[in-house]
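S.K.: Listed here are the chains, written in short residue letters.
Number of protein chains: 2
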Amino acid sequence: MAEASAFHGRTMGCLATTHSKAIHKLDIPSLDWPIARFPQYKYPLEEHTRENAEEDKKCLEIVEDLIHKFNGAGKPVAGIVIEPIQAEGGDNHASPEFFQKLQQIAKRTGAALLIDEVQTGGGPTGKFWGHEHFNLPEAPDVVTFSKKMLTGGYYFKEEFMPSLGYRIYNTWMGDPAKVIMLEEVIRVIRRDLLLETVQESGDVLMKGLLEFEKKYPQHINSTRGRGTFIAFNGTNTSKRDSIVGRLKLKGIHAGGCGEKAVRIRPALIFQPHHANIFLDRLEKVLCEL
Amino acid sequence: MAEASAFHGRTMGCLATTHSKAIHKLDIPSLDWPIARFPQYKYPLEEHTRENAEEDKKCLEIVEDLIHKFNGAGKPVAGIVIEPIQAEGGDNHASPEFFQKLQQIAKRTGAALLIDEVQTGGGPTGKFWGHEHFNLPEAPDVVTFSKKMLTGGYYFKEEFMPSLGYRIYNTWMGDPAKVIMLEEVIRVIRRDLLLETVQESGDVLMKGLLEFEKKYPQHINSTRGRGTFIAFNGTNTSKRDSIVGRLKLKGIHAGGCGEKAVRIRPALIFQPHHANIFLDRLEKVLCEL
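Chains A and B supply the protein sequences, listed in that same order.
In terms of our numbering, the first sequence is residues 1 to 289.
In terms of our numbering, the second sequence is residues 1 to 289.
One or more of the hints may lead you astray.
Identical copies go unnamed one by one, so any copy, or any two together, can satisfy a pair.
[Unchecked claim] Below 20 Å or equal to it, Euclidean Cα-Cα: the simulated PhoX-like pairs (lysine-lysine) are:
#1 107 - 69
#2 239 - 58
#3 207 - 75
#4 107 - 147
#5 147 - 178
Read the hints as simulated data drawn from the structure, not as lab findings.
Given these sequences and hints, build the entire structure.
M.R.: See below:
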């Protein structure tokens, strides 16, 4: 089971759970796996508490219904695959309550809960793992990681250890050279308190962006994020594309995701003064539009 | 389309083409892709020319029949995936003529020919690519590599270039650090003439093993190989396992593959005097049995 707009990779099994861009899936065979819906919140959150809680409820009902439907049809759902923040799909966030209840559904229906932390893992949300923001009563069953973690991997609960040898095996077995580099990366994250830097820089970005969305509501809205893992929407796709293009001309690399989001993905060493440079140039772009 | 006993990887799409050990495929969903048969030769080759030529013919007929069957059933065969030497499946070899005719079938039926050089690529057969032994009139359409090549990759003919951007894409795009290391590996292979070393050491191994199979026919037979990519059979599975285990006790790491093969996979720096150490210890094992 995966969700609409999810991105979980490009090899064939992963791709069966990916639903962000049609181009990714073109010509590749896929599987009859259920696709649920990731919550689509209205922003600012504090003005839409009731609607967003209803959206959570509706999405959770869809998940549980799909599991029962597939289980009943003899295609039992072995697991649920979800991003802590649905990145490629548009930087879509869901509440801690949503993830807590999703974990309850997983446990109740016997499906494993896999949280895909390929984009969120390693610090960019201000915690080492994105799912640490959700106060889950217990760890997810499986967590996948890559990107900032330098090598692709996953950790898992002991009961998910394959009972037979040779079930999970490959030539480089985790690529030891990358693991040595990763140890150094983690040492530097701790030594330089980079998770705190991410939180501080993220606060500067959020504060600035929330001001801009009040000041330029004709151009941007829906700022959301954790740490420096932040996005805002252009009022439509061409507005978004124009912002991304104009930022590039001012030396700022930001990306598009989903239909109309601009996403910010700085490195962990991005500091508050870098955040101010970003805001300064973004405001110039917003004035130009 | 893949062949029985083939090993092409463990991710889901790859696994649909892998048929070497049942344990690899347990619990993993698969696809209705045709599986042909890889030639099973009788050794020594020079005493079984007629039977082996018939085996080639039979296997090629199966390939062509399967393609027509699947094409006719509305499941067109887009490509043929094959190892130059079927390694995990038991170090099964096929003649240059077999591969030449397979390429003709591929061209005639519009299926791409992918040669999986993950084990054979990078020198162990005494040529840089295993398929160079086959004198194909033109290059395969796609060649995959890994292991000795340090990073997983493939090369392909220009007409296989995706027509749209973003079709083939991932975070590290070939892992540039590994490509730098690979450049150095290739420089050393050239500087130290390692392909010639592989041929010389392989000749010593083959000569010694062919003598042993005459001297100890109650234990081993069917020596075959290219370069140092060599295997021989135990007379049965338990004999094979016993040889591999006893070699280990004498400091020699060899592997089993297929039902009863012992495979030798030395590094490219393995020299004729190392081959003599191997033969000396193997003969001690054969005397012990």
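S.K.: What hint numbers does the structure not satisfy?
M.R.: As far as the earlier hints go, 2, 3 and 4 are violated by this structure, in ascending order.
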